[in-house]
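Visitor: Residue-level listing of the chains:
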Amino acid sequence: MSAQYPDDLFYTKDHEWARIEDRDGTKVATIGVTRFAVEQLGDVTQVDLPKEGESVKQAEVFGSVESVKAVSDLFAPLTGKVVKVNSPLSDSPEYVNEDPYDEGWMIQVAVSNAKELDALLDAEAYQAFLREQAE
Amino acid sequence: MVDFGGWEMPVSYPTGILEEHRATRTAIGLFDVCHMGEVHFLGAGAAATVQRLVTNDVARLENGRAFYTVACLPSGGIVDDLIVYRLQPDHYVAVVNASNIDKDVDWFQEHRGAGCDIQDRSESTGLIAFQGPAALQTLQPLTSFPLERLRTFSIATDVTIGGLPAWIARTGYTGEDGFEIFCAAQDAAPLWEKLVDAAGKVGGKPVGLGARDTLRLEARLPLYGNDLSDETTPLEAGLGWVVKLDGEDFIGRDALRAQAATGVARKLTGFVMTERGIARHGYPIHEADGAAVGAVTSGSPAPTLNQNVGLGYVPTRLSATGTKLWIDCRGKRVAAEVVSGPFYKRAKRGES
Numbered sequence: 564m565s566a567q568y569p570d571d572l573f574y575t576k577d578h579e580w581a582r583i584e585d586r587d588g589t590k591v592a593t594i595g596v597t598r599f600a601v602e603q604l605g606d607v608t609q610v611d612l613p614k615e616g617e618s619v620k621q622a623e624v625f626g627s628v629e630s631v632k633a634v635s636d637l638f639a640p641l642t643g644k645v646v647k648v649n650s651p652l653s654d655s656p657e658y659v660n661e662d663p664y665d666e667g668w669m670i671q672v673a674v675s676n677a678k679e680l681d682a683l684l685d686a687e688a689y690q691a692f693l694r695e696q697a698e
Numbered sequence: 018m019v020d021f022g023g024w025e026m027p028v029s030y031p032t033g034i035l036e037e038h039r040a041t042r043t044a045i046g047l048f049d050v051c052h053m054g055e056v057h058f059l060g061a062g063a064a065a066t067v068q069r070l071v072t073n074d075v076a077r078l079e080n081g082r083a084f085y086t087v088a089c090l091p092s093g094g095i096v097d098d099l100i101v102y103r104l105q106p107d108h109y110v111a112v113v114n115a116s117n118i119d120k121d122v123d124w125f126q127e128h129r130g131a132g133c134d135i136q137d138r139s140e141s142t143g144l145i146a147f148q149g150p151a152a153l154q155t156l157q158p159l160t161s162f163p164l165e166r167l168r169t170f171s172i173a174t175d176v177t178i179g180g181l182p183a184w185i186a187r188t189g190y191t192g193e194d195g196f197e198i199f200c201a202a203q204d205a206a207p208l209w210e211k212l213v214d215a216a217g218k219v220g221g222k223p224v225g226l227g228a229r230d231t232l233r234l235e236a237r238l239p240l241y242g243n244d245l246s247d248e249t250t251p252l253e254a255g256l257g258w259v260v261k262l263d264g265e266d267f268i269g270r271d272a273l274r275a276q277a278a279t280g281v282a283r284k285l286t287g288f289v290m291t292e293r294g295i296a297r298h299g300y301p302i303h304e305a306d307g308a309a310v311g312a313v314t315s316g317s318p319a320p321t322l323n324q325n326v327g328l329g330y331v332p333t334r335l336s337a338t339g340t341k342l343w344i345d346c347r348g349k350r351v352a353a354e355v356v357s358g359p360f361y362k363r364a365k366r367g368e369s
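Protein chains in written order, with the numbering used here: chain P, 564 to 698; chain W, 18 to 369.
Please note that the accuracy of each hint is not assured.
Unchecked claim - For lysine-lysine, the following BS3-like pairs were computed, each having C-alpha atoms within a straight-line distance of at most 30 Å:
| id | chain 1 | residue 1 | chain 2 | residue 2 |
| --- | --- | --- | --- | --- |
| 1 | P | 620 | W | 349 |
| 2 | P | 644 | W | 120 |
| 3 | P | 590 | P | 576 |
| 4 | P | 647 | W | 349 |
| 5 | W | 261 | P | 576 |
| 6 | W | 261 | W | 120 |
| 7 | P | 644 | P | 590 |
| 8 | P | 614 | P | 678 |
| 9 | P | 644 | P | 614 |
| 10 | P | 644 | P | 576 |
| 11 | P | 614 | W | 341 |
| 12 | W | 362 | W | 261 |
| 13 | W | 120 | P | 614 |
| 14 | P | 647 | P | 614 |
| 15 | P | 620 | P | 647 |
| 16 | P | 647 | P | 678 |
| 17 | W | 120 | W | 218 |
| 18 | P | 576 | P | 620 |
What the hints assert, rightly or not - Cβ pair distances, simulated, as ranges:
| id | chain 1 | residue 1 | chain 2 | residue 2 | range |
| --- | --- | --- | --- | --- | --- |
| 19 | W | 136 | P | 695 | 31 to 37 Å |
| 20 | W | 259 | P | 623 | 45 to 51 Å |
| 21 | P | 569 | W | 43 | 33 to 39 Å |
| 22 | W | 136 | P | 569 | 56 to 62 Å |
| 23 | P | 616 | W | 25 | 44 to 50 Å |
| 24 | W | 347 | P | 603 | 17 to 23 Å |
| 25 | P | 651 | W | 347 | 42 to 48 Å |
| 26 | W | 299 | P | 622 | 56 to 62 Å |
| 27 | W | 27 | P | 685 | 28 to 34 Å |
| 28 | W | 337 | P | 585 | 56 to 62 Å |
| 29 | W | 263 | P | 614 | 45 to 51 Å |
Hint data in this document are derived by calculation from the structure and do not stem from the laboratory.
Glycine is no exception: its CB is placed at the ideal position from the N, C-alpha and C atoms.
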């Protein structure tokens, strides 16, 4: 069981997370949805993602996730080109529920503008945001 | 929790919709349906009033028996779908949808005949559904009433469950064998606890609104407000089997006779998605040449079948089994195919 909101991730108010790695001078962001999102969605039955090579833009829709009850848009935390897609999710969407921060990751993006990270929340700020929303 | 007609109800309990769905198909699902309405028709004129209000043939109901039916407007549009139980020749009970209770009671009162008293006992009545292949064997130890003798669409009154007075009906909304248990509102919580304990021992679980919807959709049981409304008729909805056009008169019969004579222009049609996509309520339905021909009224994954299924009204010519349809899933056309009958049908008792 991974942490509810790991400290090493960046978060959006739309409940996505991004894990940043440096690869040969390029920042690569692995992107998924948070534990809170998963709890709200319930059982995920389908995940629709962009293809490798496509571009995503910060705060814009990059895909959707279908649960038994509803469909929800996914919003990109950062702008960049998709370098990898978690293709096992198409057959095993339940990974999103079971392990949202690891096996349930969705896409990896080569970040085109690292300054955009400033717009994201750290784990503490994200949890403060969740508490605020719950009130 | 969501607000459902003024009742706080869970979409799912902590185990989640898929697990609740599976538990109901393999063991037992428990449903707190206290929100549903119970309307009593009492007196020598009860049968005549019920007959005026519903499309099915009240005369064929014996004591302790029930039928599924609809109440219609003069236009043939559906006021509500309901189950009518005959307890005594002068006592009928209609179980109606929670969101329609006030509307229904007003409509029933407006068309009440002589010698009939109509009482809305929804507030004082609790209702728990106990559904699934293990329902009978699990409920039996809690009551001295021999459940095996209770036929489908029958009701036994004056029984006790776990020491609490109750009525037991062999009815439900899941496509499984099972029971609906009526009790006094104040007994609902203690009875619920007893039933949850008993069901838990065989893998049964409380089920929220989410799985209630996927279970009924797999069994192709319509939902009022989605698949049925005052603008759809029972003939369009595929409920012709509960409409007795040649029996006693009822409100809406003339309109339905006329519609039966000309044939319905559209039909509530079941489909399975043949491409990747999930149909949702309100998504447009297109035919092969691209024109929009209708809309999805219910749609979701069918967990037992591992398919995505739905219902929607389409022109009658497009309702034949095997017809290709396209569902507009948020701007993307996804192929579907018309299927007939329930998406899921349980094995009959004795089969496996």
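Visitor: Would you mind marking each hint as holding or not holding in the structure?
Guide: Evaluation of the provided hints:
For the given pair, residue 620 of chain P sits about 21 Å from residue 349 of chain W by alpha-carbon distance, which is consistent with the 30 Å threshold. Annotation: proposed proximity of residue 644 of chain P to residue 120 of chain W is violated, straight-line Cα distance about 55 Å (limit 30 Å). Taking the CA atoms of residue 590 of chain P and residue 576 of chain P, the gap is near 22 Å; set against the 30 Å cutoff, the hint holds. Pair hint residue 647 of chain P plus residue 349 of chain W holds up; C-alpha atoms about 23 Å apart against a cutoff of 30 Å.
Our distance criterion of 30 Å between C-alpha atoms is broken by residue 261 of chain W and residue 576 of chain P, whose separation comes to about 56 Å. Pair hint residue 261 of chain W plus residue 120 of chain W holds up; C-alpha atoms about 24 Å apart against a cutoff of 30 Å. In summary, the hint linking residue 644 of chain P to residue 590 of chain P is supported, as the alpha carbons are separated by about 11 Å, within the 30 Å threshold. The suggested pairing of residue 614 of chain P with residue 678 of chain P holds, with an alpha-carbon distance near 25 Å, which does not exceed 30 Å.
As the CA atoms of residue 644 of chain P and residue 614 of chain P are separated by approximately 10 Å, the hinted pair is consistent with the 30 Å bound. In summary, the hint linking residue 644 of chain P to residue 576 of chain P is supported, as the alpha carbons are separated by about 22 Å, within the 30 Å threshold. The straight-line distance between the Cα atoms of residue 614 of chain P and residue 341 of chain W is roughly 28 Å, inside the 30 Å bound, and the hint therefore holds. For the hint pairing residue 362 of chain W with residue 261 of chain W, the CA-to-CA distance comes to about 26 Å; that is within 30 Å, so the pair holds.
Annotation: proposed proximity of residue 120 of chain W to residue 614 of chain P is violated, straight-line Cα distance about 51 Å (limit 30 Å). For the given pair, residue 647 of chain P sits about 8 Å from residue 614 of chain P by alpha-carbon distance, which is consistent with the 30 Å threshold. Among the hinted pairs, residue 620 of chain P with residue 647 of chain P is consistent with the structure: their alpha-carbon atoms are about 16 Å apart, no more than 30 Å. Restraint check: the Cα-Cα separation between residue 647 of chain P and residue 678 of chain P comes to about 22 Å, which is no more than 30 Å; the hinted pair holds.
This hinted pair does not check out: residue 120 of chain W and residue 218 of chain W have alpha carbons roughly 41 Å apart, beyond 30 Å. Between residue 576 of chain P and residue 620 of chain P the alpha-carbon distance is near 16 Å, which keeps this suggested pair within the 30 Å criterion. Separated by about 48 Å at the C-beta atoms, residue 136 of chain W and residue 695 of chain P break the suggested range of 31 to 37 Å. Judged by the Cβ atoms, the range 45 to 51 Å given for residue 259 of chain W and residue 623 of chain P holds: they are separated by roughly 49 Å.
For the pair residue 569 of chain P and residue 43 of chain W, the supplied restraint of 33 to 39 Å holds, since their beta-carbon distance comes to about 36 Å. Between residue 136 of chain W and residue 569 of chain P the C-beta distance comes to about 58 Å, which sits within the given range of 56 to 62 Å. For residue 616 of chain P and residue 25 of chain W, the Cβ-Cβ distance of about 47 Å falls inside the hinted range of 44 to 50 Å, so the restraint holds. Range check, residue 347 of chain W to residue 603 of chain P: Cβ separation about 19 Å, and the 17 to 23 Å hint holds.
Checked against the given bound of 42 to 48 Å, the beta carbons of residue 651 of chain P and residue 347 of chain W, roughly 24 Å apart, lie outside it. Restraint check, residue 299 of chain W to residue 622 of chain P: a C-beta distance of roughly 26 Å breaks the suggested window 56 to 62 Å. Against the hinted window of 28 to 34 Å, the Cβ-Cβ separation of residue 27 of chain W and residue 685 of chain P comes to about 33 Å, which satisfies the hint. The hinted window of 56 to 62 Å between residue 337 of chain W and residue 585 of chain P holds, with their beta carbons roughly 60 Å apart.
Checking the proposed 45 to 51 Å range against residue 263 of chain W and residue 614 of chain P shows it is violated: the Cβ atoms sit about 60 Å from each other.
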